[in-house]
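With chain A fixed as given, assemble chains B and C onto it according to the hints.
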Amino acid sequence: MEKLFDRLKKDVRFQHGLTSCINCGTCTAICPAAAIYDYDPREIADQLQVDDETILEKLLKGDDIWYCGQCMSCKTRCPRDNAPGLLILALRNLSIETGYYMHSPRGRQMYALKKLIGETILAKGYCVHADGVDTTLFPELGPIWDWVKKNSEEVYNCFGNSYNRRGSGVLRKLSDETMHELNEIFAVTGTTERFNQFEEDALEQAEKTGIDFDESILNEYFRKTYENPDYDDKSQ
Amino acid sequence: MKKMDFDCVIVGAGPAGLKASSMLDAEGFTVCLLEKEKIPGGKLNTWYELFPHHESAQAIREQMLAATASQIFTSVTIKSISRTDSGFCVRDRNEDEYCAPALLIATGFKPFDACQKEEYGYGIYENFITSVDLEQMFREQRLANAAGEVPRKIAFIHCVGSRDIKVGSEFCSANCCITGIKQAIELKKKIPHLNIYCLYMDLRLGGRFFEDCYKTSQVKHKVQFIRGRLSETNENPDQTIILRYEDTLAGKPAKLTVDMVVLLVGMHPDPSILNLLPDIDEQVGSDGFFGDGMIDQEGQSMDDGLFFAGACTGPKSIIQSTDEASTVAFRVIQYLKEKLHTETEDQHGKLWIRHSG
Amino acid sequence: MRTPIMTTKASNIPFLWREYQKEIADDHYYYVRSCIRQNFFPGAEQILITLLKKDLEIDLCVDSEHTTCTGIAYHVDLVKLETTMTVNARQFALMTEAGYSNFLVSCVTSFGLYNEVLEIWEKHPEIEEQVRQYLLKATGRTFNKPKNLVHTSDIIYKYKDLLADKIRYKLINQDTGEPLRVIDHIGCHYAKIFPEKGVGGAEYPSVLSGTVQAFGGRSIDYPERRMCCGFGFRQYFLKSSRGYSLSTAYKKFKAMEPYKPDLIVANCPGCNYFFDRWQYVISELKGETFGEEGNGIPVLSAEELAALCLGYDPWEIGLHMHQTAVEPLLIKMGVRFDPDEKYRGFSGEQLKKPKIPELLKAY
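Heads up: the protein sequence lines correspond to chains A, B and C, in order.
In terms of numbering that gives the first Met the number 0, the first sequence is residues 0 to 235.
In terms of numbering that gives the first Met the number 0, the second sequence is residues 0 to 356.
In terms of numbering that gives the first Met the number 0, the third sequence is residues 0 to 362.
Note that these hints are calculated values from the structure, not bench results.
Where hints are given, some of them may not hold.
[Stated by the list, open to error] A short, non-exhaustive set of chain C residues, derived as facing chain A with CB atoms under 8 Å:
#, residue
1, P41
2, T138
3, T141
4, F289
5, E348
6, Q349
[Unchecked claim] Computed list of lysine-lysine pairs in DSS-like fashion (alpha-carbon distance at most 30 Å, straight line):
#, chain 1, residue 1, chain 2, residue 2
7, B, K221, B, K189
8, A, K8, B, K251
9, A, K60, B, K152
10, C, K253, C, K285
11, C, K341, A, K172
12, A, K172, C, K53
13, A, K148, C, K238
14, B, K188, B, K152
15, C, K169, C, K253
16, C, K21, A, K8
17, C, K169, C, K52
18, A, K9, C, K146
19, C, K285, A, K149
20, A, K149, C, K352
21, C, K53, B, K254
22, A, K60, A, K9
23, C, K351, A, K149
24, B, K42, B, K109
25, C, K53, C, K146
26, A, K172, C, K144
27, A, K149, C, K238
28, A, K148, C, K360
29, C, K238, A, K57
30, C, K360, A, K172
31, C, K351, A, K148
32, C, K360, C, K253
33, B, K152, C, K253
34, C, K341, C, K259
35, B, K152, B, K254
36, C, K238, A, K60
37, B, K152, B, K42
38, B, K37, B, K2
39, B, K214, B, K187
40, A, K172, C, K285
Treat the numbers as computed from the prediction; the structure is a model and nothing was measured.
From the three backbone atoms N, C-alpha and C, an ideal C-beta is built for every residue, glycine too.
Only chain A is shown next, with the shape it has when bound in the complex (with noise of 0.2 Å):
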């Protein structure tokens, strides 16, 4: 069995993102999800430094590792080089391909953001779509979306004249084509068995807590994953 911290250190953002790290801070000081979680990039990079594989177990399997929010601040202070933010998504990487990031409700919902994104990108070409939010999902979004939304062919026409339809103008529909390459390409690099795990995951997480589950973009797991992922913590 191959050791984590060999698979890790495959990964060249966890090449390039740890030299050496001299616990300064730098990092943490201007990192906005350190200032609003009790998350420490500094401690990420420091744990990195031995290679020790109860740590790194440790660590792929907890909710630290999904704080960050990828600004990538701390790449530009470091004075030794290094880049936790680099290191996060090398480590959010192996914990996924290692199923580890099941271990913790903010890994789990990893599938919320496959129906939402993952999907729009292999049926439109985007990581996100018009067609596909709206506030019931995003509030924030606000009444000028709810306008949008009702109004669309009126609204996005003006721009370019090719709101799902051939051309070259805005939201415009690729060619069949195009996504048939687009899905290829994601099939053959490995996101497409990715997103496969991330389904099959879900489902054996669905069973086991007790949720209902089918192919649908807004199932019930989805929405627990996506708004609360502690729901089946006993605790709260």
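Relative to the frame of chain A, chains B and C by itself:
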């Protein structure tokens, strides 16, 4: 346009240059010091009190000048340095030439230009000074913020321009921590109610009595030490400064508002001499200073007559500079004696034979 | 590639990041759209195309077959690094096929991502080779790497003086004659990852403030200037952590409030979205608004700003799709606009107006 001959030309009349010249004098050699500033003394002209015992920089400077009998040329701008059969010729802007078989580079260091650390706000926000600026304020007996008021809260920031890959200097300057503590003590003596915070990564206090200073600053003067490197500064509408750091001992990000910030700037190599003597480029270490830092100096060639001493070979205190200058002066003497087989009368009246070089 | 080192060994001139300029190609760009900007501020993208082609006479390729760069998916850990790199490679392949070597990016997350991918390939040629294999296998395509890769705010910055000569409306308050007070917000992924990829580096980037100044406005510094807008990628998309996004943005609004800004300009579409929408949420949740008299602070992108100053119709620019009303700014600048045309649809039909928020003023 004059041509002058000496046994040794020393570039830089700071502590190292002055010490070396006084030793060479004592051996009966002719030495000149070339100083780019208007007055000799190097950084002794910048400091007010010296660590660790708060000795007067002015007094030490005078003492060092009195100890040397060498000719000191000031306001010298060196235009070129060339190697000759018999040694070196240094030509200045007025076309005067200073020639000698031995050349000692004692050009010292330059303080890190804190403008380069943009996230610290020096030169951008009003209430920022460096440790060098603060010494000037001590000399002028002028301790006030930009608005002319006596500050109530001052922060010292350690490691500005040192141990920082982002400014291209990864070495530790070794003397800033003690400088900060010394200055904090001086400030507290003058303004007893001042709150002082020192933001540090590590406290590097290796010199003799440095740790005592640290303890004094804590016990007698209640200087506060916070283990966290300054990440960013911001300015409030009233020009007070917000410092963002992590209190690493508590494991929490924090903000601190102060009236003034003193940046403890590192000791950086002064590269200007390299333009004049390009072939000494290989003598420059990876940190930008001369020399390689090895203990084993056996293999080091002395045949070419070029020597380095003082802060130009690495960050050091005044004592370390003068100590190194003594060692190097000894090597210069050996070199001159070998090369010149010179008859000179040393301080003990002993005769040495000079063959023309 | 090492960032420019601060001083060379033999140089006496210290390097100051805020004076740093990067290379921005003159012309012949392949343009890639942004997921967020297309959805929420489509006018900005369309007007940019018009502006570049008409006002700057730039040859711009607006191709129909490019996809997302997968930046959002990448930063929420949905897609593997290999997938992101191969999708990016496909974008480069389209650029190559269209005969271009300069790449113009609408989104700042994309900009950071493309640069990161190119940097990885630079340092690890074997990875680049593997990506080429993946792309070939999945699509049959090959690609050249772009010679110059810039963000849309870079182009506007490059031509700011030329545009400044042409603008009809300056960033000046018509009543007082004073320059408008502008908060310029730079997206994190513009310069924080690679300072050498940003005009002016990471601490004092000038890509927006330079343009603002050229157009007569004044950029304001404030204590939270460099703080992230709070997007946080997964933290925003997931309802359970959305408070992180809101709280971070709220901190910024509170910090800028005493400086009374007239306008926020941001170059990242995500930042544009958050500054625009969180003001609405804050007004509903906390009863606070940050503009004058119950208005919010209008938020514009670099494209929208340039087009507005040049005299394009605000509704053509798509400003009617902002939640935080831009009318206070239009009035300050003396921009002529027709309120009755605001909600006219593509067909010419006069659409029913959107609902007005409880507190934040809308028109």
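Now for the hints, and whether the structure bears them out:
| no. | hint | verdict |
| --- | --- | --- |
| 1 | P41 | holds, 4 Å |
| 2 | T138 | holds, 4 Å |
| 3 | T141 | violated, 13 Å |
| 4 | F289 | violated, 16 Å |
| 5 | E348 | holds, 7 Å |
| 6 | Q349 | violated, 10 Å |
| 7 | K221/B - K189/B | holds, 14 Å |
| 8 | K8/A - K251/B | holds, 29 Å |
| 9 | K60/A - K152/B | violated, 44 Å |
| 10 | K253/C - K285/C | holds, 12 Å |
| 11 | K341/C - K172/A | holds, 27 Å |
| 12 | K172/A - K53/C | holds, 26 Å |
| 13 | K148/A - K238/C | holds, 21 Å |
| 14 | K188/B - K152/B | holds, 15 Å |
| 15 | K169/C - K253/C | holds, 27 Å |
| 16 | K21/C - K8/A | violated, 33 Å |
| 17 | K169/C - K52/C | holds, 22 Å |
| 18 | K9/A - K146/C | holds, 29 Å |
| 19 | K285/C - K149/A | holds, 28 Å |
| 20 | K149/A - K352/C | holds, 11 Å |
| 21 | K53/C - K254/B | violated, 49 Å |
| 22 | K60/A - K9/A | holds, 19 Å |
| 23 | K351/C - K149/A | holds, 10 Å |
| 24 | K42/B - K109/B | holds, 9 Å |
| 25 | K53/C - K146/C | holds, 24 Å |
| 26 | K172/A - K144/C | holds, 26 Å |
| 27 | K149/A - K238/C | holds, 24 Å |
| 28 | K148/A - K360/C | holds, 21 Å |
| 29 | K238/C - K57/A | holds, 26 Å |
| 30 | K360/C - K172/A | violated, 35 Å |
| 31 | K351/C - K148/A | holds, 13 Å |
| 32 | K360/C - K253/C | holds, 19 Å |
| 33 | K152/B - K253/C | holds, 25 Å |
| 34 | K341/C - K259/C | holds, 27 Å |
| 35 | K152/B - K254/B | holds, 14 Å |
| 36 | K238/C - K60/A | holds, 22 Å |
| 37 | K152/B - K42/B | holds, 28 Å |
| 38 | K37/B - K2/B | holds, 21 Å |
| 39 | K214/B - K187/B | holds, 14 Å |
| 40 | K172/A - K285/C | violated, 40 Å |
The structure is inconsistent with the numbered hints 3, 4, 6, 9, 16, 21, 30, 40, although it conforms to all the rest.
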